[in-house]
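> Letter by letter, the chains look like this.
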Amino acid sequence: MFKAKIDLTVLKECIESLTAIVDEGKFRLTESGLKLRAVDPANVAMVSFELQRDAFDLFQFAVKESGSEADTDADTEAEAESESKDEIEIGMDFVKFLGILGIGGRDEVELELDEQAQKLFTRMGSLAYTISLLDPSSLRKEPKVPELEFPVQVIIETEMFRRTIRAAEKVGDHIVLGVDGEVFYMETEGEMDKLRLGLKKDQLIQLTPGTVHSLYSLDFISAMSKGMSHVENITLNLGKDYPLRLDFEVAEGKGKVSYLLAPRIENE
Amino acid sequence: MFKAKIDLTVLKECIESLTAIVDEGKFRLTESGLKLRAVDPANVAMVSFELQRDAFDLFQFAVKESGSEADTDADTEAEAESESKDEIEIGMDFVKFLGILGIGGRDEVELELDEQAQKLFTRMGSLAYTISLLDPSSLRKEPKVPELEFPVQVIIETEMFRRTIRAAEKVGDHIVLGVDGEVFYMETEGEMDKLRLGLKKDQLIQLTPGTVHSLYSLDFISAMSKGMSHVENITLNLGKDYPLRLDFEVAEGKGKVSYLLAPRIENE
Amino acid sequence: MFKAKIDLTVLKECIESLTAIVDEGKFRLTESGLKLRAVDPANVAMVSFELQRDAFDLFQFAVKESGSEADTDADTEAEAESESKDEIEIGMDFVKFLGILGIGGRDEVELELDEQAQKLFTRMGSLAYTISLLDPSSLRKEPKVPELEFPVQVIIETEMFRRTIRAAEKVGDHIVLGVDGEVFYMETEGEMDKLRLGLKKDQLIQLTPGTVHSLYSLDFISAMSKGMSHVENITLNLGKDYPLRLDFEVAEGKGKVSYLLAPRIENE
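Chains as they are written, first to last, in this note's numbering: chain V, 1 to 268; chain D, 1 to 268; chain B, 1 to 268.
Calculated directly from the structure, the hints in this document are not laboratory data.
Among the clues, some could well be false.
As the list claims (entries may be wrong) - Listed below are the simulated DSS-like cross-link pairs for lysine-lysine, each with C-alpha atoms no more than 30 Å apart in a straight line:
id, chain 1, residue 1, chain 2, residue 2
1, V, Lys194, B, Lys64
2, V, Lys226, B, Lys170
3, B, Lys170, D, Lys3
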């Protein structure tokens, strides 16, 4: 059983952070909130998402008891496993869900899960949607998060980051993110032109001095930058020829999003 | 002879209500104002339009006298008929006319008909357009309005109606409009999802309680919803598996628009 | 050596006035500022552009001395000629440059030329672009401005001119600009419709009375009208079946733009 109420703007912000990486995926509902971990179809980018139950105005959750009469026959291995974890998995088309939420004005959203029918009942004011869920077993398995250690951390205003990405798209296909001493930089080279953003420590919210840089596909960074349009600051975790982990908070700190992106091999 | 002045916004609102159903059509000009009745090319939707002469800031109208010297030879049967009715028919490309009016800022529009040359002279400030009219005999005949009796009438805020239509377009191809007791509802079912708007009597401006519902093509309802963008309230006249008549006022009550839409057979 | 600072809005306005006619071209940098003269690929329209050095917040310019050690070998005829004129030619892709400037917010732009590498270094706040210049010898030769005498001059509000052009585009492919006594007019005839703007002397900023008119391609006039979006007034220099010269100022009077457009032969 899952029943919840949440601010529409907060829910949109959350789903938007997912659609930056994946079109569909499975939420894990537990007593403590909502979780998701998914990789993009090309296996280059990963999103880890977590929303605490206190981000909701109402949050009711209960896993149906194993062996209850109504469900005995239907119990599959997957369900058994899910129960043992005290969680419910629901598969969703996030792109469609975001489109539906986009109609809803500024209301609160009520969500109610019909596990038997695999439907999510979504109410916004006088509008009620019944959304068919996707079969979780038809969706890709949840990826493992690799163990990573990042020597350098940069906290930057989201708007500055996004503007630079938009500028970089006019120049090239890849982008270097790096730290050189006390300067954070983003650099793109096209066939003809070169773009460089350089920010000193005092132009950033935080910077670990160091000497690292890695090259990334601009397509993915650009997609990520669309998942954080309502976020004030983002944290970039960097290394030398190393993955990028980009963290930010949603739902006024009651939700966390992490994007992980594999580096490209630099041709020098 | 026809010569008139009218507020540009009012005229745009009127023409926009027509282009929701037809691209072209014929106005009947009479002593008392402007009228039009036309069906869409697929014969599924009809628009009836009426604009009183007092919606105009200036309205001069006169049918040329039969048998006057200048016209004797040119008198055709059609003209004779038109005269006998004390009216002038003019054929127009409404889509083009709306585009032209869209350039005009916030001025007043002056209209002047040149019957001989079949041109409509349109002046907005310093800009003057001379528009060639369409030959009325080349346009479809004016349809007859079927006699209908509607057991149920609902008056609803236009914005609520339009928002629901936009939401429904994301879900399915058809929409049910119905009244169940004291609730008015709109319902769309797609392959995967279902959308329902339910409004109680106190969320509506008016409602006749009853039990009726009919299914309509969403394409046509959606087109209609684009013809009423400046209107505050609309009246829905409903029956059981029956046509929909959607009425609203334009020109501050000095004009009336009615859309009539045939129902679809529901597969159950 | 060329190094300059200029307001970003002013520079955008200047480049925009060029892209109305050409995608690329060569600036001539001199002690007194920036100049350009170019024709469109179809040889129908020409732009003459001039920006005084005092439009810049900083303007440093020096032609490298002939026979200096580093350059002796590289000296080509073109360079020799350029030196003799005390000017530097730089070839630019204006469309790309405008796109890059569009990212820059409201900052000041710093420009620095690297003649040896044929790069223009462009800094806006923390963003630095290195733009590869085009080889001036690969670009079309600078056209000669024909000697013209215009009997009639009209000064008109840019917005009125642009609105009429937008309206004319809905009607036809050509436009007549003319003066008839004390009235300036613009007139377009399509297959079906006719549009005419007529402005009396008191609706204009200035008018030389006369009797002239010429026909022009609307495509070119329309392109020109996109190059003056921040300009308040424009001057139209007209004759009978004669080219149009359209003048306006940029950079608060410290820059001048002239468009010259060949007339079309009128079929009557």
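> Run every hint past the structure and note whether it holds.
Okay, the hints, checked on the actual structure:
no.	hint	in the structure
1	V:Lys194 / B:Lys64	holds (26 Å)
2	V:Lys226 / B:Lys170	violated (37 Å)
3	B:Lys170 / D:Lys3	holds (24 Å)
When the structure is compared with the earlier hints, a violation turns up for hint 2 alone.
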